[in-house]
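Peer 1: Could you put the whole structure together from the sequences, leaning on the hints where they help?
These protein sequences, in sequence, are chains H and L. Residues in the first sequence are numbered consecutively from 4, following my numbering. Residues in the second sequence are numbered consecutively from 4, following my numbering.
In short, the hints are calculated from the structure, not lab data. Don't take every hint at face value.
The list treats identical chains as one, so a pair stands whether inside a single copy or across any two.
Below, simulated DMTMM-like cross-link-like pairs (lysine to aspartate or glutamate); rule was C-alpha separation at most 25 Å, straight line [as the list claims (entries may be wrong)]:
| id | residue 1 | residue 2 |
| --- | --- | --- |
| 1 | 96 | 311 |
| 2 | 106 | 12 |
| 3 | 307 | 203 |
| 4 | 307 | 293 |
| 5 | 96 | 329 |
| 6 | 106 | 82 |
| 7 | 106 | 357 |
| 8 | 96 | 354 |
| 9 | 106 | 253 |
| 10 | 96 | 166 |
| 11 | 106 | 74 |
| 12 | 96 | 357 |
| 13 | 106 | 40 |
| 14 | 96 | 10 |
| 15 | 307 | 40 |
| 16 | 96 | 12 |
2 protein chains.
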Amino acid sequence: MPQPFTELETPVPVVDLDRLARNLDRAAAYATEHRLDLRPHVKTHKSPRIASAQLRRGAVGLTCATPHEAEVMSAVCDDILVAYPPVGEARAKRLVGLPESVKLTVALDSAAAVEQIAAVARESDRPVSVYVELDLGMHRVGFPNVDDAIALARSIREQAPLEFEGIAFYPGHVRAAVDQQSSQLEQLSAALHTAIEAFERAGLRPNVVSGGSTPTLWHTHELFGVTEFRPGTYVYNDRTTAAIGACAWEDCALTVLATVVSTAVPNQAVIDAGTKSLGREPMRGTDAADGFGSLLEHPEVIVKSVSEEHGMLDLSSTTWRPRVGDMVRVIPNHVCIVVHLNDVVVGLRGEAVETSWPVAARGR
Amino acid sequence: MPQPFTELETPVPVVDLDRLARNLDRAAAYATEHRLDLRPHVKTHKSPRIASAQLRRGAVGLTCATPHEAEVMSAVCDDILVAYPPVGEARAKRLVGLPESVKLTVALDSAAAVEQIAAVARESDRPVSVYVELDLGMHRVGFPNVDDAIALARSIREQAPLEFEGIAFYPGHVRAAVDQQSSQLEQLSAALHTAIEAFERAGLRPNVVSGGSTPTLWHTHELFGVTEFRPGTYVYNDRTTAAIGACAWEDCALTVLATVVSTAVPNQAVIDAGTKSLGREPMRGTDAADGFGSLLEHPEVIVKSVSEEHGMLDLSSTTWRPRVGDMVRVIPNHVCIVVHLNDVVVGLRGEAVETSWPVAARGR
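Peer 2: Next up, the structure:
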């Protein structure tokens, strides 16, 4: 007899396995339809099991941010992009130390990073492919100026065993509702067009143009020249993804199962999921009054505030009145942080506990 | 030859061991001076090593929030308060399952919690002391109404092997600068006076009156009737604690060591400490423009925004210009979250790596 999820100890992240499979299938079908290479970012799940499910569905490889993520994923994948500047000797050495069977690509935006990874790669004569990172509006990393990016790409060609492979960008600034993204996407596409042509004129035609996020996932094919996209969040989705219309509420696969531990203060109920299991992530592009998550079964009830081990449910706009001991499931604002805060994720089939898996690539 | 901290792989939390010892000494001396029982909250360090250092300095016991914290700490301490409602069968069973040598106390605010812990305690005939939680302004958990608290205390006396031991409160709403807390502390003290007298009139004199936080730490002796205080953050302190004057900047013992990984975008430098190692905690009582931490050596430089693995340093109001590969140390807004995000903390003596220890009580 299967264990019902209501017997689990809380707080704990639980995944609806049917929703997860549907999310994986949908993105894989989109990639096939538009002949785009899907290279999912593992930051969201940090699990070789889910990475394998992505690869079985046709993903060309994986995207990682940290050396530990790359090491863990090298057990199941032989084509890994570390979309993070390989700066710091320890980081560069760990990356170059990945199994030789793994094709390693890094994304970077400085001469210092090129020199560091080149020096370490030369020691072991290991080929490392490089994407030069462009800033196309996110203003986080990447060259705002294409000429600077071209100059760096040129220098990479002189630094064997590095190989200039292409350009990368992250459209993290596009966070408008999906049906209101068109002007931002047009700007992005135009900027890509300009950049790619400049690279071609310089004799540095990029083999790969790598970009894309979950909010822009379903519009990736509209971006000029993009060959590869790297969404992460789409496996689980979250309240923010649903709010901007990049998934439906019913596509949110991961919830935090929590127990009501106090109703002593009027108009609120306190659950045992706080900052240390749910995070303190705002809804992007909306205000703090939106809280830190809302209930799967009562979307009108938000987690209005959090402390380390407490989440305060606002009951002022609902007739629902939970009792101490009741369980609820919270859809978090930002699922990647929830996963990182936990060591184990439980998989549900309907209401039954079917499996669980470690968040193997959390930690450092 | 000792390893300099600049050889560490980043991001990593590092602790100045001299500052840590000074912080531990200062709180212990305060407790002795005012004849208060110090029962530190382990949520900040989650480390049996630091808990032992607190106990050696005279702490009467420890405060925990989760069953896992209590289990880990039971190896070094035989007097544990779980300042969290023991709701949920799994939680109640784990608590009652602590070694018999441990005196277990729980804090709670509902008849449901009393019944649950009583039922489990009866099965193994294990004594459990109980604090009844009052809401004295924090509006998180606890009875706003003293008569309700008294009624629950009375019911506890009829539920052997539970024992009514005292009352608890958490003054988490007192976050003003230390020199501007006096009116809030006077209100708090008056409310305590009223509550304690009401308990005494009901024939339920509390043996223990347990309260206190790091922001109010040095004023605990001014609160009527308080016998025990439970600060956590004081071991490491953080940017918020310094901002409200409950410690000096030089008392911040834990920093996140990070590497500059990109300077491509003008007027900013990007470090490898983001939400997943530094957290996304606001400065309490101040606005979002204050960022998520500031640099130990350049306090005017703030982490203005964070994404999962990136922290954006605002260079607009400094002449300091870091280069890619430089290391910085960030004083976080809220140190408890930083510790919880990491598996290992490194201890420094000056600039030398002296030791490291696991965050043994993180996870569930």
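Peer 1: Determine for every hint whether it applies to the structure shown.
Peer 2: Okay, the hints, checked on the actual structure:
1. Taking identical chains as interchangeable, the C-alpha atoms of residue 96 and residue 311 lie at most 25 Å apart only when they sit on different chains, with a minimum of 22 Å there against 36 Å within one chain.
2. Taking the shortest alpha-carbon separations for residue 106 and residue 12, only the inter-copy value of 23 Å comes in at or below 25 Å, while the best intra-copy value is 41 Å.
3. For the identical chains of this complex, residue 307 and residue 203 are neighbours neither inside a copy (51 Å) nor across copies (36 Å), given an alpha-carbon limit of 25 Å.
4. For the homomeric pair residue 307 and residue 293, the shortest alpha-carbon distances inside one copy (7 Å) and between copies (21 Å) are both at most 25 Å.
5. With identical chains, the CA atoms of residue 96 and residue 329 are at most 25 Å apart between copies only, with a shortest distance of 17 Å across copies and 49 Å within one.
6. For the homomeric pair residue 106 and residue 82, the shortest alpha-carbon distance inside one copy (5 Å) is at most 25 Å, but the shortest distance between copies (54 Å) is not.
7. In this assembly of identical chains, the alpha carbons of residue 106 and residue 357 never lie at most 25 Å apart, being 35 Å within a copy and 38 Å across copies at closest.
8. For the homomeric pair residue 96 and residue 354, the shortest alpha-carbon distance between copies (23 Å) is at most 25 Å, but the shortest distance inside one copy (45 Å) is not.
9. Proximity of residue 106 to residue 253 under the C-alpha cut-off of 25 Å is found in neither arrangement, the shortest distances being 37 Å within a copy and 47 Å between copies.
10. In this homomeric assembly, residue 96 and residue 166 come within 25 Å of each other (Cα to Cα) only inside a single copy, at 18 Å, whereas the closest approach across copies is 58 Å.
11. For a Cα distance limit of 25 Å, the shortest separation of residue 106 from residue 74 inside one copy, 12 Å, qualifies, whereas the shortest one across copies, 44 Å, does not.
12. In this homomeric assembly, residue 96 and residue 357 come within 25 Å of each other (Cα to Cα) only across copies, at 24 Å, whereas the closest approach inside a single copy is 39 Å.
13. Proximity of residue 106 to residue 40 under the C-alpha cut-off of 25 Å is restricted to the intra-copy arrangement: shortest distance 16 Å within a copy versus 59 Å between copies.
14. In this homomeric assembly, residue 96 and residue 10 come within 25 Å of each other (Cα to Cα) only across copies, at 13 Å, whereas the closest approach inside a single copy is 45 Å.
15. Taking the shortest alpha-carbon separations for residue 307 and residue 40, neither the intra-copy value of 40 Å nor the inter-copy value of 34 Å comes in at or below 25 Å.
16. Taking the shortest alpha-carbon separations for residue 96 and residue 12, only the inter-copy value of 11 Å comes in at or below 25 Å, while the best intra-copy value is 40 Å.
Hint compliance for this structure: hints 3, 7, 9, 15 are broken, all remaining hints hold.
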